[in-house]
Amino acid sequence: MTKPVIYLDNNATTAVAPEVREALLPFLESQYFNPSSSYDPARAVRDAMENARESVGRILGAGSLTEVIFTAGGTEGNNAALSGALAANPNRRHIITTAVEHPAVLEVARELERRGYRLTVLPVDKSGQLDARDLVHALARDTAVVSIMHANNETGAIFPVDELSRIVKETDPTIIFHTDATQSVGKLPIDLSDKLPHVDILTFSGHKLHAPKGIGAMYVRRGVRWRPFMLGGHQERGRRAGTENVAFAVGLGVATELARAALPDESELVRLQRKLEREIRARVTHTLINAEEAPRLPNTTSFAFEYIEGEGILFALGEQGICASSGSACTSGSLDPSHVLKAMAVPFTAAHGSLRISTSRYTTEQEIDTLIEILPGVVASLRRMSPYWDQSRDAPKEGVDVMVQDKFNS
Amino acid sequence: MPWDYSDKTRQLFLDAVSGKPGTHLGAIEEPDGVGRHGSIACGDAMEFSLRVDKNSDDPRQDRIVEARYMTFGCTSAIASSEALCRMIEEKRPTPIEALKIRNADITDYLDGLPPQKLHCSVMGAEALQAAVVDWAKRRGVDVDELGITPELLEEDEGRVVCRCFNLTEPYIRRKIKEMNLRSLPEVASAIKAGGACSACQHEPGGLQDILDEIHGKDRGDDERARPQPPQEKHTERTPYQLAKEIERVVENQVRPRLQRDGGDIEIVEIRDKLVYCRLLGVCATCAGSVQTLRFVVEDALRQEVDADIRVISV
Numbered sequence: 001m002t003k004p005v006i007y008l009d010n011n012a013t014t015a016v017a018p019e020v021r022e023a024l025l026p027f028l029e030s031q032y033f034n035p036s037s038s039y040d041p042a043r044a045v046r047d048a049m050e051n052a053r054e055s056v057g058r059i060l061g062a063g064s065l066t067e068v069i070f071t072a073g074g075t076e077g078n079n080a081a082l083s084g085a086l087a088a089n090p091n092r093r094h095i096i097t098t099a100v101e102h103p104a105v106l107e108v109a110r111e112l113e114r115r116g117y118r119l120t121v122l123p124v125d126k127s128g129q130l131d132a133r134d135l136v137h138a139l140a141r142d143t144a145v146v147s148i149m150h151a152n153n154e155t156g157a158i159f160p161v162d163e164l165s166r167i168v169k170e171t172d173p174t175i176i177f178h179t180d181a182t183q184s185v186g187k188l189p190i191d192l193s194d195k196l197p198h199v200d201i202l203t204f205s206g207h208k209l210h211a212p213k214g215i216g217a218m219y220v221r222r223g224v225r226w227r228p229f230m231l232g233g234h235q236e237r238g239r240r241a242g243t244e245n246v247a248f249a250v251g252l253g254v255a256t257e258l259a260r261a262a263l264p265d266e267s268e269l270v271r272l273q274r275k276l277e278r279e280i281r282a283r284v285t286h287t288l289i290n291a292e293e294a295p296r297l298p299n300t301t302s303f304a305f306e307y308i309e310g311e312g313i314l315f316a317l318g319e320q321g322i323c324a325s326s327g328s329a330c331t332s333g334s335l336d337p338s339h340v341l342k343a344m345a346v347p348f349t350a351a352h353g354s355l356r357i358s359t360s361r362y363t364t365e366q367e368i369d370t371l372i373e374i375l376p377g378v379v380a381s382l383r384r385m386s387p388y389w390d391q392s393r394d395a396p397k398e399g400v401d402v403m404v405q406d407k408f409n410s
Numbered sequence: 411m412p413w414d415y416s417d418k419t420r421q422l423f424l425d426a427v428s429g430k431p432g433t434h435l436g437a438i439e440e441p442d443g444v445g446r447h448g449s450i451a452c453g454d455a456m457e458f459s460l461r462v463d464k465n466s467d468d469p470r471q472d473r474i475v476e477a478r479y480m481t482f483g484c485t486s487a488i489a490s491s492e493a494l495c496r497m498i499e500e501k502r503p504t505p506i507e508a509l510k511i512r513n514a515d516i517t518d519y520l521d522g523l524p525p526q527k528l529h530c531s532v533m534g535a536e537a538l539q540a541a542v543v544d545w546a547k548r549r550g551v552d553v554d555e556l557g558i559t560p561e562l563l564e565e566d567e568g569r570v571v572c573r574c575f576n577l578t579e580p581y582i583r584r585k586i587k588e589m590n591l592r593s594l595p596e597v598a599s600a601i602k603a604g605g606a607c608s609a610c611q612h613e614p615g616g617l618q619d620i621l622d623e624i625h626g627k628d629r630g631d632d633e634r635a636r637p638q639p640p641q642e643k644h645t646e647r648t649p650y651q652l653a654k655e656i657e658r659v660v661e662n663q664v665r666p667r668l669q670r671d672g673g674d675i676e677i678v679e680i681r682d683k684l685v686y687c688r689l690l691g692v693c694a695t696c697a698g699s700v701q702t703l704r705f706v707v708e709d710a711l712r713q714e715v716d717a718d719i720r721v722i723s724v
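In the order they appear, the protein sequences are chains A and B. Position 344 (the first sequence) corresponds to 344 in my numbering; numbering is contiguous. Adding 410 to a residue's 1-based position in the second sequence gives its number in my numbering.
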């Protein structure tokens, strides 16, 4: 248990950056004042919040600081985006989203469907990509909101949100286009003023970019019709009631500054990603990389090792101090493999054997090398146990595909 | 999900994966009985094989002396398989005695399993039963003598209730009774039925109906009325003729022009005066594709069909 932890699950959460921690601590100590108060000491707190807002605005390329609202995280932002967009357009009853959204969008959309809205869920192809034509066909006269994520948390696949939002807004400027950018802020350059002028609402979470859990932000473009979700106070210009989480907002400000400064170094992450994928492929047969053909985040690789089960891989890696994640059924607590891999029609010889590696700027090459050293042995030992694997040929047993096909057709 | 496995489960898994001596991974050559349960599509599967010391007078007195498994599955599925083989080799039971091993015995041996992993132990017990039935056939023992209800042998053929995991009604009924499962979550945890798409839970003849019938419960009025989505008002104002005109102009004027340059165009959709199209061939990758759409396609349509037409690139 004293092994050093190799943390390769940064799409789940990230370590708080030391600079972030240092910056936020005073606001848990002497700077505890309510930013809404009128006395002098509260002014410094208020100023710190506004500085943080400026930093967040900068990483998003926001045109005005009034467009940035602090939230408790990505899930709140997504709830607020969808519900607020619908509330502002009561005559419109149609929602469009995709099959691979995070549950914080997909489940909200499904709940809204239960409450009487119409919902269109756009499919993805085998490489996890959308067909813009499906979006065109789905747009309706009463479409209120289109919510399409920027980058997928499981596969790292990036959607062309610039193009998709343009199609939506050129069709009907009243439709609100929302993107869940939880996995892309800090990993991809984002410029809402210049490169993404058609995105109305963008949401993200702080703890994916080395800020603490429990803070996030949403961008609502000036002039967009949107109703607040959290009511009961004038904070955030009446758009998100509740006394501000000052310390964490300050932390988020610093985290976004750090991420912005580190963005040019993303090429290092790409190098590690390429090395990892090349080396694992060379050492492990029957390995797929989910969404390989799609443009992907530089920090995410979703492997699928055929004929074994992902939870066993995770457990064995965990024993070596390596933290990763899997979309296998047994990991999720449900009995179904991840909805993302299912939507991509990943063959089920592979869907159960998925392993997601997600790095951060703190990941070292040595850590990736350790993974490259350990992972092939883990896969081999689990395949040795699999009734579908022929040890002597180091290949799947003959007829497994047929058997699986029969099962599928029955 | 955190791994709340017992130390015993963790250890058995790690021993098995590392191939520690004394573990039971593998298949017996020329076995006296083989049984399988699960499938790769369902996320876990086990193949169980056994060898007996044959009793020349009475095959029913055969004793199982060796057990092996091949398992596709998670940590607890592999640990359950290993546990089953150990239990059997420790006791050296007759095959008929081995039938008494239930999933609860495997769970006990593992010092418990998280509830959502119970199905892993069930898989072991089921594969063992199948192996014993196979042994009986090979040794000429009357299957009836095994004390297994005939439905066990036929349950592969019953009506499929849970389509995700291909589970039949006779199998589900037997397991509900055997394990005294009382609720839908219990059924899903123990045998996976209804645990994936959940469509079979509340459909007529589905899991809830089977549970109610077995436990003699009234269905009650728990059908939650869902608000019906509002009917889409179909204000049928599609100007069919307009669309036809647009298609005609694209066909006769626009396409030939693009094709001369090695390109082409696909109309994705026409919606009133909005025309969604996609440039193909060299046009698709041309840096001036936006201009092409505007000046070639949009201008032609505006002149020939309607001045309000807008072209959107897809």
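One thing to keep in mind: the hints can contain errors.
In silico contact screen, one side only, chain A against chain B (beta carbon under 8 Å); selected entries [as the list claims (entries may be wrong)]: (1) R133; (2) H137; (3) E170; (4) T171; (5) I308; (6) E311; (7) T349; (8) I374; (9) Y388.
These are calculated hints, taken from the structure and not from any lab test. Virtual Cβ for every residue (Gly too), placed ideally from N, Cα, C.
Enumerated hints in conflict with the structure, sorted upward: 8
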